[in-house]
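Quick note, the sequences are listed as chains L, S and Y, same order.
If you count by full-length UniProt numbering, then the first sequence holds residues 1 to 316, one letter each, in order.
If you count by full-length UniProt numbering, then the second sequence holds residues 1 to 329, one letter each, in order.
If you count by full-length UniProt numbering, then the third sequence holds residues 1 to 304, one letter each, in order.
One thing to keep in mind: the hints can contain errors.
Calculated pairs, BS3-like style, for lysine-lysine (alpha carbon to alpha carbon, straight line, at most 25 angstroms) [what the hints assert, rightly or not]:
#1 Y:K190 to S:K25
#2 S:K83 to S:K156
#3 S:K19 to Y:K130
#4 S:K141 to Y:K207
#5 S:K117 to Y:K33
#6 Y:K130 to Y:K190
#7 S:K131 to Y:K33
#8 S:K206 to S:K252
#9 Y:K190 to S:K97
#10 S:K25 to Y:K130
#11 Y:K190 to S:K117
Treat the hints as calculated values from the structure; they're not laboratory data.
Since the structure is predicted, the reported quantities are computational estimates derived from the model, not experimental observations.
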Amino acid sequence: MFQYIVRRLLIAIPVLFGVTVFSFFIVNLAPGNPVEMFVNPDTTQADIELKKEALGLNDPIYVQYVRWLGNLVQGDFGYSFSTYEPVLNMVSSRIGPTLLLMGTALFVAYLIAIPIGVLSATKQYSWLDYLSTSVSFLGISIPHFFLGLGFIYIFAVQMHSLPTGGMNTLGSEGGFSDTFKHLIMPAMVLAAGIAGRMVRYVRSSMLDILGQDYLRTARSKGLREFFVINKHGFRNALIPIITVIGIDVSVLIGGAVVTEQIFQWPGLGQLTIQSIGSRDYPTLMAINFLAAIAVLSSNLLADIFYSVADPRIKYD
Amino acid sequence: MSLIKSDERTPLLEVQNLKKYFPIKKGIISRTVGQVKAVDGLNLTIYEGETISLVGESGCGKSTTGRAIVQLDPQTEGKVIFKGKELSTLSSMELRKIRTDLQIIFQDPYSSLNPRKRIGDLLAEPLLAHKLTDKSEVSRKVDDILEIVGLSKFHKSRYPHEFSGGQRQRIGIARALILQPKLIVCDEPVSALDVSIQAQVLNLLKDLQKEFQLTYLFIAHGLGVVKYISDRIAVMYLGKIVELAKTEDIFKNPRHPYTQALLHAYPIPNPHLRSRERIVMEGDVPSPANPPKGCSFHARCPLAQDICRSQAPALQGDEHTVACHFPLG
Amino acid sequence: MSMANVNTEKDIPLSNVQAQLGAEESYMRMITKRFLKHKLAVLGLIVFCLIILSAVFAPLISPSDPYEISGEFAAAPSGEHMLGTDQVGRDLLSRLIYASRVSLSVGVGAVAIYVVIGTVLGAIAGYFGKWVDMVIMRLTDVFMSFPYLMVILVLVSIMGPDLYNIIIVLGLLGWPAICRIVRGSVLSIKEMDYVKAGVALGYSTPKIVFQHILPNCLAPILVNATFGIAQAIIMEASLSFLGMGVQPPTASWGNMLTEAQSLTVLSSQPWLWVPPGMMILLAVLSINFMGDGLRDAMDPKSLK
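Next up, chain L with everything else stripped away, as it sits in the complex (with noise of 0.2 angstroms):
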């Protein structure tokens, strides 16, 4: 085992270099400068060429690359085309409200899905497998923009009881508790298409392990069914849901961008698009990058609990 997950990591190197190259190419390749944005009546030719040399843009693009590809392995990912900031500084304030949203989200999601799932296989065809599987399709089939827009309308502007978007309260201290009713909505939201999918996931992986003999030889033996379901039957039902972790935190970055767009959240996702919108290419590149290797990282751990969780997995 030690040697697949050796080999598991070697393999993510090119992976990672590939990651490397491509997010800075593409953004790089792209028309128009950053310079342009400075461009006023009053700008000189003189001043424009100036600025392109200070910003390092008359370099050939491989210059650009590796220069940039060293800055980053010091942790240095420039400085943004908008601010003037280090992108570093940028991006590392905002990593926390988004990694407290995508967490809850992903925490709540799975609360709701796993025993919902459980549930709806083991009473199969009944009036709760229907509904479950009816919500979770709505779940699953819902963008985010519009289940954001009913939630503010429903909870915020009818019931008054949430508030309609960013992290604080204007001018009040903040604490714990505002920052948690901030929270709910975009949380639910991002939240719901990850738990559908994980019903359904639950539902059949839980569905193929009921099906087979060594759960019927625990039934007769006479164990209680609710060891048969949770000993023998979900814990090898959960085995395969590793697997989609990986995929759900893709799943989750992209949500992030459209849900904190909607509720003004102060994370990664609305950077992004303020980014796009001031074509700040250092931090687009820095955002893009960070979200690869959190989901290349996600996607090794998932891959090195799965073989550490199930025994059938050949090594090679």
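We have chain L already, so just place chains S and Y on it with the hints.
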């Protein structure tokens, strides 16, 4: 059956020192840590018009040999010379062309037919791919071949799943036959079939041989099946031929202890003839990844001596060759 | 051993039963039958067909020109404008109907592109194996590492947000899932004897891959493509909602919702944003139900 003397016969296919090793991979970078020697130095000459059988237990490398001969899993070492051409040196175009003369019938009639193709298309395809037949003739040829293998042209529009195992094997035979090949490798063509159907398919193969002057390399795991169909029999053990002789010689005068042991596994209907000295094998077939030193059969041979444990015997003899230090008879 | 005549075996009862069933009783029929048993899937198919029809016949069924200012600004639904008018006074129902064209062309167009790319790459990787497989699989990993929506946003903003660019970008980025599925199927199918038989019969490699291997991994491709259409429709709507998709005045369900980001529209003019939102939901839901039914119908585990 074939009464021509061996020196007058023309070799159709020659297998020289054929070796097929499968690597065993392990570790982080998939290092090759060992080899499974499925076929380990096999020599065989097949003459035109004969049926030669390759017999041995599961895992002795007989199917691997068959697949290497038709270049489905090309050999690690050695030569397969067919119609005077060494197959591994041919370009892919030349190889594809020569394949029209070199066909194979598979063991499993269920996995050997594409489930998505109608029987008519399945049989027309080889003709169209090689442009051997005029397009207008294809349909008639397919009808003919179906008739020949005992099916009807009304089966053309059906899918494989609508047929029984025996019928499917007939379709497999028709597909191999339609290109009018010289040599057909029959890879245990009846072992997946019910006993009652086995005889029908064997008879069909025999009839076809007469009608189309075919040469067969017939692969089987027991001597019983091949008795009626073979001119010569080669007994394989652990990747090597241990005895090769005319069918009647193998049955009347087996010289290798392993051949004898195999014969004992084949029931004799007449109790008065059950007088042969019994040779009972001990233990299992050794792993081809780690074959024993000396004669590969020594660990299971009741007659083994010291020399058998240290020195591998070579195939000896003219008409009746055997690889044993102490041949019987 | 009794030697029977060559021409017997026609009397095997099983083949007779099957002969009576008719030779056309084929794989496709069985799939259709099983699909029709899935009620939600059939409902999904019907709704999806209705959406297709309304997209095709948009000029005939729309009450007015979707670009023409025909009423007051943001008028509530009335007899004249069944769903009201938008903020520039265009008929909302007409815009809603025309917008289905955008969603469908993105869904079908993008998926068509990436199914081709994914199938070809997956087939190459699976059939040839070795380093070719290695390179393609690592490339797949790279593409899969980027969160889909985020990288699409960046690319679309670079190429310029319009319908064709969205289709191209979604198409160029969506292939990895199909690629993996096809590779997996090809890996298992290429070991089947009927593929080996194709090699032994001297068929060319393209013929073997495209005629003998790929048709047998059609089922997972089709299921994935169906879900992919739903996914692409959501992507287009999200992009358009964020202002990075189809640009006004062209109507898209996504960009019709953009205005709801203002609190006035959200709270007091629900006719502006609820119908397009519901249309996206309806389209995506119906396609997902279809995909689910298709998956169940084609599940090899429940096939005999």
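So, going through the hints one by one against the coordinates:
1. Y:K190 to S:K25: holds, 21 angstroms
2. S:K83 to S:K156: Roughly 34 angstroms between the alpha carbons, so the hint for K83 (chain S) and K156 (chain S) is violated.
3. S:K19 to Y:K130: holds, 22 angstroms
4. S:K141 to Y:K207: holds, 22 angstroms
5. S:K117 to Y:K33: holds, 21 angstroms
6. Y:K130 to Y:K190: Within the cut-off at roughly 14 angstroms; holds.
7. S:K131 to Y:K33: With a Cα-Cα distance of about 39 angstroms, the restraint between K131 (chain S) and K33 (chain Y) is violated, given a limit of 25 angstroms.
8. S:K206 to S:K252: Holds, at roughly 23 angstroms.
9. Y:K190 to S:K97: holds, 21 angstroms
10. S:K25 to Y:K130: The given pair, whose Cα atoms are some 14 angstroms apart, holds under the 25 angstroms limit.
11. Y:K190 to S:K117: At roughly 16 angstroms apart (the allowed maximum being 25 angstroms), K117 (chain S) and K190 (chain Y) satisfy the hint.
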